[in-house]
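Protein chains in written order, with our numbering: chain F, 1 to 348; chain G, 1001 to 1236.
The set of hints was computed from the structure by calculation and includes no laboratory data.
Possibly wrong hints are sitting among the right ones.
[Stated by the list, open to error] If you only want the chain G side, here are some residues facing chain F, beta carbon under 8 angstroms, derived: (1) Arg1040; (2) Asn1041; (3) Thr1046; (4) Arg1072; (5) Pro1074; (6) His1076; (7) Pro1087; (8) Gln1088.
[Claimed, not checked] Partial selection, computed: residues in chain G whose CB lies under 7 angstroms from chain F: (9) Tyr1016; (10) Thr1019; (11) Ala1079; (12) Gln1080; (13) Leu1096; (14) Val1104; (15) Ala1105; (16) Thr1112; (17) Thr1150; (18) Val1167; (19) Asp1181; (20) Tyr1214; (21) Asp1215.
Glycine included, each C-beta is placed from N, C-alpha and C at the ideal position.
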Amino acid sequence: MSEYRGGAQARTALARRHRVRAWEPLPWIVALGFFFAFPKHLGFGTEVLVTILFALSLDLVLGYAGIVTLGHAAFFGVGAYTVGMLAKHGLWNEPLTSLALAGIVGAAVGLGSGLVLLRTRGLTLLMLTLCTMALLEEAGNLAHTWTGGFDGLDSLPIAPLLGRFEFSPLYPTTQYLYVLVVLFLCFVFVRTLVYSPFGQSLTGIRENILRMPAVGAPVPRRLAVCYTLSAGIAGIAGGIWAQANAYVNLGTLGLDRAATVLIMLALGGRGRLYGAFVGAIAYMVLSHFLSKIYPTAWQLGLGLLLVVIALFAHNGILGLGETVWRRLRVSRPLNMGAPQHRTPNPPL
Amino acid sequence: MASGRALELEHVSAGYGETVVLEDVDLGLAPGESLSVIGRNGVGKTTLLATVMGHTTLHGGDVRLRGRSIMRLPIHRRAQLGLGFVPQEREIFPSLSVRENLQVAARPGHWTEARVFELFPNLAARVSNMGHQLSGGEQQMLAIARALMTNPAVLLMDEPTEGLAPVIVEALTAVLLRLRDESALSIVLVEQNSRVALAFSPRTVVMDKGRVVYDGASAELAADPERLARLIGLAE
């Protein structure tokens, strides 16, 4: 066992927790490799990256703060419609600034709704998040003059990125690299956030919401901040999805999207940062291949996989991998300095 | 209005929802004073601490911390103003390391990480371990250390020795005595173990049916076991 040696050891421990592990560049290298190896599948790749970004935003609220939500697509849709309406109605179509606006509008809706919804817990919260999303979807349907209603807004005139790089629907190279850079920046932000004292307090809130106030943490305020940031990132995901696809429809605000991203996170493992990556990729790749193999009932395969995950791996694919890794290491002596494993998340 | 008291309960009636558990409780604690609270199960000892922290419904009376009424303040504000709480179930954060458990509670003041590790060397040796990897005794130490990191003026401890092996109880009691003697903290110790409680504090409060039935010298009760048994309702 190590002896306490004051601040130096504290700094070392903190640095160890924050440091970039050797394998962490791997997903980004793979993503770049995909760009060169599969130029004909960049549309699919772009969709996967956007979905990872959306799942990452959900992981922040669900995996770290323990806010159970079934309406996260509300913010995705708000971001998508912000970009779509600005571009379609000729108000603003510069990609970077309209994406920032999508994030801001998403965050504002998150803050406004969060201040009300986060007073509740459990099933009530779940239903209210669902209702918020349904209300927004219906509002989008009713305001068809602006939103295009059920048909949505297509052929969005998105300006070239940085005035040079066109968003081509046939060769989505710009979209892919653009989404990859935005995902990377958002990931760095979320990673920094969850390893900060603020992030640790979110973990504390998730694990014991009654105990955190007793150590002086203003729980409602921290949850509201977390929800707002997460909504902002979901808004960015929605905005960039609209830019990449040059259209937006009511599906961006639908339960299908919200439930799917929740399933992805459960599949990959929530509260683990990379669970969003693993879950989104596993879900989308499986969907892709299963639908080719068995077009009429491909969802059966996914359903069976989810049943297996729910029964045997509450913490998703990453949690399963972690358990296997720990068992492999169990015969070795305990290294106090080694990164520690987490306690299992309770079932959703 | 400053009363010179670290903590003061005045005619406090409180409970859970409509149910009243504490009835007309008057209690004062001077700065640096320690106080033991004993009584049978279900007489309101935990509710007393929960009421001070703001976890219950206050039906009447007032709770003042260093002269300031805190009855309308949310829990986190009470903690920020100087109430530290060590709950009965320890309730440490299992997914956070020992250090992180301390960091989430840290506020500026006398109690720093170095000082709590000096008080609990066992924790210093387990600094990188996760909360769920600690033994019961270590978890209890962490719960106390975490409360100290908030730099409270008044420390409320709810049965810190419950469920611990006798050897751990002895070690923990030694730490509590050191805390009592060497710090400027006012301490309220709720304890089932009357031997520990009476030894810990020169003043003891006995509770029964939500009321304070004795508030006086611990030595007096220690010297009269029959009276003690009668007060806590264990004698016929």
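Quick rundown of the hints versus the structure:
1. Arg1040: violated, 25 angstroms
2. Asn1041: Violated: closest Cβ of chain F sits about 21 angstroms from G/Asn1041, beyond 8 angstroms.
3. Thr1046: At about 14 angstroms, which exceeds the 8 angstroms cut-off, the nearest Cβ of chain F leaves the hint on G/Thr1046 violated.
4. Arg1072: Violated, because the Cβ-Cβ distance from G/Arg1072 to chain F comes to roughly 15 angstroms (cut-off 8 angstroms).
5. Pro1074: holds, 7 angstroms
6. His1076: holds, 4 angstroms
7. Pro1087: holds, 7 angstroms
8. Gln1088: violated, 12 angstroms
9. Tyr1016: violated, 14 angstroms
10. Thr1019: violated, 19 angstroms
11. Ala1079: Since chain F brings a Cβ to about 4 angstroms from G/Ala1079, closer than 7 angstroms, the hint holds.
12. Gln1080: holds, 5 angstroms
13. Leu1096: holds, 6 angstroms
14. Val1104: holds, 5 angstroms
15. Ala1105: OK, holds: G/Ala1105 within 7 angstroms of chain F, min 4 angstroms.
16. Thr1112: violated, 10 angstroms
17. Thr1150: Nearest chain F Cβ about 5 angstroms off; hint holds.
18. Val1167: violated, 19 angstroms
19. Asp1181: violated, 23 angstroms
20. Tyr1214: Violated, because the Cβ-Cβ distance from G/Tyr1214 to chain F comes to roughly 28 angstroms (cut-off 7 angstroms).
21. Asp1215: Interface hint status for G/Asp1215: violated (26 angstroms vs cutoff 7 angstroms).
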